[in-house]
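Top line first, the protein sequences correspond to chains A and B.
Count the first sequence with the working numbering and you get residues 220 to 427, in order.
Count the second sequence with the working numbering and you get residues 228 to 414, in order.
Incorrect hints may appear among the rest.
Cβ-Cβ distance ranges computed for the label pairs, FRET-style [stated by the list, open to error]:
#: 1; chain 1: B; residue 1: A238; chain 2: A; residue 2: A248; range: 12 to 22 Å
#: 2; chain 1: B; residue 1: D336; chain 2: A; residue 2: S423; range: 51 to 61 Å
#: 3; chain 1: B; residue 1: E285; chain 2: A; residue 2: E418; range: 37 to 47 Å
#: 4; chain 1: B; residue 1: D235; chain 2: A; residue 2: S347; range: 42 to 52 Å
#: 5; chain 1: A; residue 1: R359; chain 2: B; residue 2: Q282; range: 20 to 30 Å
#: 6; chain 1: A; residue 1: T414; chain 2: B; residue 2: D394; range: 47 to 57 Å
#: 7; chain 1: B; residue 1: R279; chain 2: A; residue 2: Q241; range: 23 to 33 Å
#: 8; chain 1: A; residue 1: T356; chain 2: B; residue 2: D394; range: 12 to 22 Å
#: 9; chain 1: A; residue 1: I327; chain 2: B; residue 2: H383; range: 22 to 32 Å
Source of the hints: derived by calculation from the structure; they are not laboratory data.
Note that the structure is predicted; figures quoted are calculated from it, not measured.
No residue lacks a Cβ here, since even glycine has one placed at the ideal position from N, Cα and C.
One letter stands for each residue in the lines below.
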Amino acid sequence: MNDDELRNLLRVVDPVRSSLPQGAADEAAAQRLLEEIMQTSIETPDVRDAPRPAHRSRRRGRSLAGLAAAAAAVAAIAVGVVVNDDDKDQQVAASFALPDAGVISSCIAFDVNLLAQMPTAFKGTVTSVTDSEVGLTVDRWYVAEGERADVVTLQVAAGNTSASLDGTTFVQGETYLVTATEGMVNSCGFSGLATPELESAFASAFPG
Amino acid sequence: MSRALLPDDRARRFEQVFAEVYEPLRRHAQRRIDASLAQDVVAETLLVLWRRLDQVPEGSELPWCYGVARRCLANARRSNRRGLRLIERVAGQADTTTAVLDPSSGADDSHITEALARLSVDDQEILQLWAWEGLEPRDIAVVLGVSANAVSIRLHRAKRRLRARLDNGKELLATGHEGFGREEDTQ
């Protein structure tokens with residue numbers, strides 16, 4: 220079966236395949252939403268997924284204000300640095316916890332000055348990904364508490380079904396820049412895929 | 228990254244992008260969550276678009292919005308367990324499927340839904356973006372926040388696993404006996 224045939228098969232079971240196009244009522248609702256959104260402020264602190272406009276909404280369903288994400292700080296769970304003396308390669312291993320993807324939290328704005336204060340920061344390449352953990356070899360350390368590990372394991376939080384951070388899953392072979400505080404990986408942009416932008420931020424935060 | 232937009236430019240660009248993405252976003256959300264929650268997801272996504280308009284790459288506005296919607300959908304599902312994706316309901320309880328299946332689709336289509344539903348969540352997601360949203364790998368890369376190369380590899384594997392599932396399904400229909408275990412267990 221070629222790609223076109225496969226795609227057509229999938230389209231047969233598209234849940235909205237036979238949904239009707241928007242009527243006048245739907246278009247009016249869209250226009251109202253547009254106007255409501257454009258009245259909201261863009262100056263409030265950065266929120267990951269659902270910002271908090273101050274005004275009320277006449278929309279059906281929850282008000283715009285009600286859609287705001289619950290506030291929660293990036294919690295820290297103590298996970299010790301594990302040194303595996305039995306490893307025949309004499310590799311130093313470390314383990315960190317990934318944040319619980321089920322915790323809705325608001326993010327502080329990304330700031331290189333905050334990045335520079337992270338007690339743990341490294342660049343690593345993913346060697347393995349399962350639903351419960353991600354294995355990385357460390358390409359370089361920027362700053363470490365204690366011994367600088369050769370390999371790192373990131374543990375998926377209980378109840379989470381896949382290894383992800385900020386909504387994106389880890390991919391084998393990709394390189395990531397990671398910061399951690401008190402045993403937990405920092406999200407909200409303080410860890411992520413090693414894009415040129417993030418590389419540049421890390422280079423600024425950790426000179427030399 | 229573009230420099231900050233002046234207020235008039237910002238308003239104009241937002242209106243333009245809103246018009247382009249609103250209907251696709253609506254359908255995107257309705258495919259993946261209960262109708263009662265889908266509109267909230269659309270509104271949340273468009274709020275983020277308004278606030279982060281300066282950061283949205285030109286030419287990739289819709290995939291960028293799908294990327295935001297992805298996080299909003301995840302949040303909405305967690306906070307409301309009734310918000311099962313339509314595909315989960317279709318693949319699951321028979322008594323709830325008749326309302327969501329296309330009335331013109333035949334009984335044969337259940338094997339497609341079955342095959343899709345038995346793939347991993349990641350496989351289903353990438354196949355849906357490819358088939359239902361009609362996205363190319365470079366746009367799927369924007370949605371998922373990974374490289375286009377990683378998308379191409381993952382998409383290729385997901386298609387292969389789906390084809391295998393569909394072939395197994397045909398065997399099941401023909402012989403009443405299933406030959407293989409879950410495809411993702413053998414990867």
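Against the structure, the hints come out as follows:
1. B/A238 <-> A/A248: 12 to 22 Å: 20 Å, holds
2. B/D336 <-> A/S423: 51 to 61 Å: 54 Å, holds
3. B/E285 <-> A/E418: 37 to 47 Å: Because 23 Å falls outside the window, the suggested range is violated.
4. B/D235 <-> A/S347: 42 to 52 Å: This hint holds: roughly 51 Å between Cβ atoms.
5. A/R359 <-> B/Q282: 20 to 30 Å: 28 Å, holds
6. A/T414 <-> B/D394: 47 to 57 Å: Between A/T414 and B/D394, where Cβ atoms are some 39 Å apart, the hint is violated.
7. B/R279 <-> A/Q241: 23 to 33 Å: 26 Å, holds
8. A/T356 <-> B/D394: 12 to 22 Å: Violated - the Cβ-Cβ distance for A/T356 and B/D394, about 37 Å, lies outside 12 to 22 Å.
9. A/I327 <-> B/H383: 22 to 32 Å: 39 Å, violated
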